[in-house]
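Undergrad: Each residue of the sequence shown is one higher than the last, beginning at 33 in our numbering.
Errors might be hidden in some of the hints.
Restricting the straight-line Cα-Cα distance to at most 20 Å, the calculated cross-link-like pairs of lysine to any residue (SDA-like) are [unchecked claim]: (1) K247 <-> K259; (2) K290 <-> R338; (3) K259 <-> V112; (4) K165 <-> D222; (5) K339 <-> K247; (6) K304 <-> P109; (7) K165 <-> A123; (8) K259 <-> E193.
None of these hints come from the bench; they were simulated from the model. Owing to the predicted nature of the structure, the values given are computational and were not obtained by experimental measurement.
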Amino acid sequence: MWQAKVRVRDASGKPRQVMRTSPPRNDSRGRPVPDRDGARARNAVLAAAAAISVSPLNAAITTRTTIAMLWTEHYRPYLVSQGRAENTLVAYDREASRFIQRLGGRRLTETPTTVIEAYLAELAKAHGPGSAKRCRSALSGMFRYAIRVSDGALTINPVREVELVRDAKPKGRTGGAEHIAVDHVRFILDAVRTSTAPCPRILSKAERERPSPLKRYEPPTVAEFCKDDMADYVDLLFGLNLRASQLRGAIWPDFDLKARVYVPSGKIIRVKGQGLVRVTRTDDPKNRIQPISIPHFAIKTLESRRKVLAARKLLHPDEIDDRYADLVFPSTNWTPRDPTNVDTDWRRIRLALGISDGITAHSFRKAGATAKDDAGLPLRVIADSLGQADINTTLRHSRARGKAHPEAADVLDRAMQPPAN
33 MWQAKVRVRD
43 ASGKPRQVMR
53 TSPPRNDSRG
63 RPVPDRDGAR
73 ARNAVLAAAA
83 AISVSPLNAA
93 ITTRTTIAML
103 WTEHYRPYLV
113 SQGRAENTLV
123 AYDREASRFI
133 QRLGGRRLTE
143 TPTTVIEAYL
153 AELAKAHGPG
163 SAKRCRSALS
173 GMFRYAIRVS
183 DGALTINPVR
193 EVELVRDAKP
203 KGRTGGAEHI
213 AVDHVRFILD
223 AVRTSTAPCP
233 RILSKAERER
243 PSPLKRYEPP
253 TVAEFCKDDM
263 ADYVDLLFGL
273 NLRASQLRGA
283 IWPDFDLKAR
293 VYVPSGKIIR
303 VKGQGLVRVT
313 RTDDPKNRIQ
323 PISIPHFAIK
333 TLESRRKVLA
343 ARKLLHPDEI
353 DDRYADLVFP
363 STNWTPRDPT
373 NVDTDWRRIR
383 LALGISDGIT
393 AHSFRKAGAT
403 AKDDAGLPLR
413 VIADSLGQAD
423 INTTLRHSRA
433 RGKAHPEAAD
443 VLDRAMQPPA
453 N
């Protein structure tokens, strides 16, 4: 029987001595087999030492790890384990498929700042500056993760010093949702209920290019098209100042119409492999579970809509899924409303009323924030009413800027007046 000893540092860094004797072993007839050269004792002590010295660092990430391996085997599983939002994963996957195609075979030590900067410049020209920014964010996070968990395989983030090109032309509309003035909001909210302007459907590219014209039909007016739910939808976009995904996910149990309070509990998103689902997360920064006060005009809309839906539910021919039975804005099949279809309906209304392409569902949220700011409400109150955790987000993104301020000119007028004797 052999004894084997080894000195090793444990996970805390403290040196320890580990000793193991030859573990017993029998042959096929049950007779003990001697450890003639001490190999069994050596293997036993090395296994014990390896278990004691387990490090939180990821030894699988080495200088030979490629970009593709780092993303698929390490960083993306980490993002999933951290519960990152489904839309974030979808956006990152789209960018990952591109950078893996171009850079996936490169090892970590073969991917300096110049290589990444050149790739992002090409990406910006091919797919727009927005795509380049998303890709930079994904790559930077991935390299930070490698620095943090690897055992020295990477010590410098090559994305940190990357500068994006400034002359890349955007693909499509940019700048986020356009700000709209309150008087314009009043016009829209009135028009979706009273406008007699024709509201024809938007033709697809194939329909526009077909040699023979489509059969003519009498399009509905804007008011007729909106009466089922789009008029209520637009009303509540401004009345609740919710994100579109939150409003599509609103359910009746979350409303206390007597107290004029709404507590959002979930939102509708598209999940790969599942379709549209209503998700509820207590730690979702874009769906904070906190009370929001409801204005009187929105209360009237909700009360009217509840009665209409109750009547519709009685006439619905099929069984309704319990998960979606209480939706405020269900589809005709009583499933979640598809955001693509809702956006198409809004585009149709927008074209009929001659509204700017930049005005989206999010514009009503911004308009609400601006109206509250113009009324002199504290920034904290505005952020809470929008469900925003960070007041700086409200300051940077939600309020309209660049307006003329007569009160500022009045200050200068008063400054030029001579002091009273």
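Undergrad: So, for every hint listed, does it hold in this structure?
TA: Okay, the hints, checked on the actual structure:
1. K247 <-> K259: Violated, at about 25 Å.
2. K290 <-> R338: holds, 14 Å
3. K259 <-> V112: violated, 41 Å
4. K165 <-> D222: Not OK: K165 and D222 at ~39 Å, beyond 20 Å, violated.
5. K339 <-> K247: Violated, because 37 Å separates the two Cα atoms, which is more than 20 Å.
6. K304 <-> P109: OK: K304 and P109 at ~16 Å, within 20 Å.
7. K165 <-> A123: holds, 11 Å
8. K259 <-> E193: violated, 53 Å
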